[in-house]
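Got two chains here, separate frames each, mind docking them using the hints?
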Amino acid sequence: MTTGSKSIILSWLTTADHKRIGIMYMVTALFFLVIGGGEALLIRMQLFYPNNDLLVGMKFNAAFTMHGTTMIFLVVMPLNAAFFNYLIPLMIGARDVAFPRLNAFTFWIFLLGGILLHVSFFMGQTPATGWFGYANLSTKHFLPDMGADFWGLSVQILGLSTLIASVNFFVTIINMRAKGMSLFRMPLFVWTTLVTQLLIFLSFPVITIALLMLMFDRTFGTNFFNPDMGGNVVLWQHLFWVFGHPEVYILILPPMGIISEVLPTFSKKPLFGYTVVIYSTCALALMGFTVWAHHMFTVGMGNWTNLVFSMATMMIAVPTGVKIFNWLFTMWGGSIRFTSPMLYAMGFILMFTIGGLTGVMHASPPIDAQHQDSYFVVGHFHYVLIGGAIMGIMAGFHYWFPKMFGKMLSEPLAITQFILLTIGLNMTFMSMHFVGLEGMPRRVFTYSAEQGWTFWNQIATYGAFVQGLGFLLFFYNIWRSLRYGEDASADPWDARTLEWSISSPPPEFNFAVEPIIERTDDFWYKKQKIGARAIEQLTGKEQVSVPKGSYYPFLATLALSLIPVGFLIFTQNQDQYSILLISALGGGLLFYFLVKWAFEPLFEE
Amino acid sequence: MTHETTTGIDNRKMALWVMIGSECMLFGSLIINYLIQVHQIAGVENPDLIRPAQVINVPVTSLSTFVLLMSSLAMVLSLNGLQHGDIAQFRKWCFGTAGLGAIFLGFQAYEFTEFYWEGLGLTANNFGAAFFLLTGTHGAHVLVGVIWLLIMGGWSYRTSFQSEHHSILLEVAGLYWHFVDVIWIIIFTVVYLFVLAP
Ligand SMILES: [Cu+2]
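Chains as they are written, first to last, in our numbering: chain S, 17 to 621; chain V, 10 to 207.
It is possible that some hints are incorrect.
Claimed, not checked - Some chain V residues judged to face chain S by a derived CB distance under 8 Å, without partners named: (1) Met34; (2) Ser81; (3) Thr132.
To be verified - Think about it this way: if two alpha-carbon atoms lie no more than 25 Å apart in a straight line, the pair counts; the simulated DMTMM-like pairs of lysine to aspartate or glutamate are: (4) V:Lys22 - S:Glu616; (5) S:Lys195 - S:Glu534; (6) S:Lys564 - V:Asp19; (7) S:Lys612 - V:Glu173.
What the hints assert, rightly or not - The following residues of chain V were derived to be distant from chain S, with all beta-carbon distances above 12 Å: (8) Met79; (9) His93; (10) Gly108; (11) Gly115; (12) Ile195.
If you are wondering where the hints come from, they were derived from the structure by calculation, not from laboratory data.
C-beta atoms are modelled at their ideal positions from N, C-alpha and C, and glycine is treated no differently.
Okay, chain V solo, but in the shape it has when bound (with noise of 0.2 Å):
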């Protein structure tokens, strides 16, 4: 069934390509606004307005950020598995990657409430709405992406999975996951790290 495409590339994974590159535009528009709203709110002289440093808290967020690289590397590892036609290591990895995508929500629903008991609500300011979007938007990634390899795994017991054949969906996902670990390095950065400087 499948017809040998121009360039030997997977349809779906040539798809997920050009869907990362819309994907950078999207938060890229979203990064840049939270630097315009962080700079805003710099410039004003009011002693009530809840800023970056007194909210972001860096260490904690820093183990967060370790346990999304993580992933990344058990993500290699289960789709090592698959690709070697070892179904045990793929499902242990692959429910591994999951888990640890599971974690940073989980840290990432913890911020936010902190946040929010200490005073940056959604409508605070804009720094925190920006804040919010932003991190917001990458935490609907993350979720995608557990949700997609619980997916991938719950299927392996099914006799319809044939690892030589869906080896390519799990390469398509772990690219995904992948991306959406790239682009948390950089908000990591812009958000938490920037914060540190003087």
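Excised from the complex, chain S in its bound form (with noise of 0.2 Å):
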């Protein structure tokens, strides 16, 4: 290895530049969308034929689990982490988020929960619980294997780098605005961004308890989920779903910032009523703290808990169908580009209200009953995730491409891959609601042809490798752009918000001159006012100090990985307690790198 490659492997692992961060989330959300989607073809493979036998028994359920698990932990929430990354100090107009070291922190923690997850496969200990664990399935008892340890304390990581990243991007854009960029002036993408933080830092520390009780009755030998000792099943399920459901809204809420942002510049119309697209993202968000026993409607809560839950449930469609209504008019009397970005943003609205109407129909209990633990459940959540957070990822990803490279797409690629996925995304879930009202339950690893499934099962197997070459493509678009594509200007899709006053890809200072705002959209007018002027020129001359890198978070995850592996040994010798002094070890170098940490100048003295 040449000391050039060596110092820019060095420079990466060191970094504390949100931009560099944001780029290492997406590339390995990005690898993860790989192996969750390989799962994903693996499991309609299997249904494709009536008692087929590629993937039966616990390597199904394996299969599911990971799948649901590396889905939403290690693609969904990255992808939107790494938009939060890159470009949250860029909209708000500040040089990097409140606490750049940790930032890198939460990223390599990130990495690490994603590894030890995968870690299983090559142990054969592989996850079988669902990505819901739900006890007492995931207790010592019906799983004796490691795989619920792994998952286990692989979520945990994941939790606690998702639990620090909320506390830097909300302390971010609550204090690191630029001059005159209050709060009603912020980019909607800021504000989801900011409810999604709070949404995080409520919710995680519920399923962190759920987890760690978990963790001692499948290791300690406590009983809070063994029926035969008074441990109570169903409060698994509350705290699961006191956690779920938010996560839902963590999910779902920045992809819904993105096409606010994308709409406006594509219609060439400011967003239709932004405050009170605003009011409705925090509407939604404190709702969603008071719907999670919807989850539940079949565990035999009783009618009137049922019933509140039920009511709670629906009223949820209100601020949605408001955020709906915004978007479409802010479409209405536009001068609509249909650039990928645009019509991944007009997909997502589509495909969204689709997930959503199916959504309110089993937030009714009766109903709810008959469509429990069926495909058409699985139809539903899936036109939620893939057309909708996945299609608003999309627009934003082929959005700001050339902000974060410096390269265009190419259009005819991603418009083809745009058609292939919504194709490809009907065939799979629309069938899935119609083998679901046909009586087809979830998780189940084959069944008979007398059943009548195999048509839906298999136009579902046929849209799910649609969709996979619309992957395909997307992944060679990618390559062919960093390779030959054109290089993208400061500002190329003529936008609104303060990212595209600067360079593609930004200068490591992002701003030289800190930007001062007096309105929303500031960019825009300014853009109206003095034209290209309002585009910030470098002269080289810049000096602006930025954070220096550190070894330390990447020293610090090390020695956290410690504490997983001595535990996870120890869950498989559990008379011997000296191996957990390998944890112990693990924590002391882990508090030891924190200390060093703390006392390291962030700035270069």
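Next up, the structure:
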């Protein structure tokens, strides 16, 4: 290895630059997208024929568990995080986040969590609990291998990463805004990010405790979820969904923010009802905490409980509907350019609305009793997560790619991918609604020909491969653009927010001159007034100090990794407490590095 | 180096406030779990089950609660010293706070071993497990605070320590300390004082 490439690796390993960290999040998440997508294709292949034997029993359980956990914690959340990292400081006119090195730390522990989850593959101990890890299915009695331990610890570490990041971004948005950037002048993506961080730091502690209790049950012999010893399995469901429902908004709010940026740009109109969209985002977040038990209508909580949660759930349709109409009115009468980000944003509105409508259907307990655990539900939430979250993320990806990498993507390729994704996802997930109504339960690895589910299952599998083809095209497009793509100008889309006022990609210090904001869409109005001079021209003489890199976030992560390693070995040898010394060593090293880090100056002295 | 923040509040202080919001949900979950388990055990007829009223020692814990409350007072005095540039006062009360925290932890260690000898180990029943999880998590928070304060106090012997620049750090540490104290008041009420109720 040459010293040049060595120093490049070191510079990424020690970076505290939010833009580089954003890119690292994005690359890692796209890598996990390939894994999670591959698992989806395997599941669909197994279900292609009745009585197929490609992936049966626990292997099938492992596949859907890993698919769900990967897609939620290792794909959609980090893709959102990639946009937070890259864009939030740029959009609020800041030079970095509030805690740059902590930001690096969150990325490294996220990577650790992802790796830990996948190490289970190589040890033949893959989690097979479902992404929700329902106790007591996930207790030692029913799953004696290490799969559930891997799952619990990985989710715990990923949760820690998300929690630290949420504190960082919350403080960044409240405290690091440029002059004049009052809360009600912030771009909508910044708003949805802010609300998302609030949801994260209020909901993740609950899953932390649930996982801690599960860990104690599995390893230290407590009986929180063991009904024979007075344990309560419904408690797990409550704790899980108190986290799990806000989690849905953690996944979907940032993409909603993304399309609230994309739609105005390509409609050449400000966002319709800017403040109303903000208020409905906040309402959605608050209501998100009051509806968790709609995942438990068939548990037997009693009619009154079901009624209250059913009504609360139906009310969620109100702020959601408000947003959908605001997006539609943003396009109304605008001069629309049908670019790939715009198509994805429009796809979001349509697909998300379909997912939302079926969501309102099973907000009703008697209907839910029919839908519960059928493919109808799987179809519903995939419309929300692929038709919604992924569509929105794709809109953002095609929109900001020129800013992040300084290259334009190929529009024909991007639009072809959009068409493939839209056709494919409707084939797959619409079919699931039908086969669900015909009674096919979810999480079963096969069915018999007489049940009559073959046709729709095969359509669904074809659709999955059409989507896969679309993603193949997507990766080819990225590769082609990075190699041969034309250079992007600072403002290729004639956009409205601050990040477009600086070069593509932005310099390390973001803004040579700190911007002063006078209104919403400030950059847009400056462009109308002074034309292209609104775009910052660098003279090459800017002297702006940026945070210097640090080894400690990475070293602290290495130390942290010893804690789960020691613990996992201990779960298999529960009489040898000395094994826990590995974890203790990790804890000690972690403490040492954190102290060194705390006393290391952030800027060059 | 320190950049003016939008709100004028130091980033680290705001981060701690956000963290406190998060911690409220953490302890909230633990307390609710504890109440559920106590409620559950109350409905079981089994003379061998150890119940809260049998083990919980209100007088001893009242004493340790008093110690923790006094530590908050010491914390205030320490911060007051640093903000007025009185390093000696800061140091004395900073170590004093840490010391009182350590005494509180000693009480907790005593209590845990007492319970253990009375037959309430971690796995004896779910009331015990929830109790250890709740008070243990709180104890871990106190331990973090003690270490934090010891580092702050120890640092003041170095030349890099400047009272005018670093009092904000003690303020943040103090905020954390008071929060952990307030959480204990809630735990004391729920776990210990509710036992006294008929
Ligand atoms: Cu829900």
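Okay, the hints, checked on the actual structure:
1. Interface hint at methionine 34 of chain V: satisfied, since its Cβ lies 4 Å from the closest Cβ of chain S, which is below the 8 Å cut-off.
2. Using the Cβ-Cβ criterion of 8 Å, the hint placing serine 81 of chain V at the interface with chain S is not satisfied: the shortest such distance is roughly 23 Å.
3. The interface hint given for threonine 132 of chain V holds, since its Cβ lies 4 Å from the closest Cβ of chain S, which is under the 8 Å cut-off.
4. Between lysine 22 of chain V and glutamate 616 of chain S the alpha-carbon distance is near 19 Å, which keeps this suggested pair within the 25 Å criterion.
5. Between lysine 195 of chain S and glutamate 534 of chain S the CA atoms are separated by roughly 9 Å; this keeps the pair inside 25 Å, and the hint holds.
6. Under the criterion of a C-alpha separation no larger than 25 Å, the hint pairing lysine 564 of chain S with aspartate 19 of chain V is consistent with the structure, at around 21 Å.
7. This hinted pair checks out: lysine 612 of chain S and glutamate 173 of chain V have alpha carbons roughly 22 Å apart, not beyond 25 Å.
8. Even its closest Cβ contact with chain S, about 27 Å, leaves methionine 79 of chain V beyond 12 Å, as expected for a residue assigned away from the interface.
9. With a closest Cβ-Cβ approach of about 25 Å to chain S, histidine 93 of chain V is found to remain outside the 12 Å limit, as its non-interface label requires.
10. Listed as a non-interface residue, glycine 108 of chain V keeps its Cβ farther than 12 Å from every Cβ of chain S; the least gap is roughly 20 Å.
11. At roughly 21 Å, the least C-beta separation between glycine 115 of chain V and chain S is larger than 12 Å, which holds for a residue marked as non-interface.
12. Look at isoleucine 195 of chain V: its CB is around 15 Å from the nearest CB on chain S, clear of 12 Å, so calling it non-interface holds up.
Of the numbered hints stated above, the single one contradicted by the structure is hint 2.
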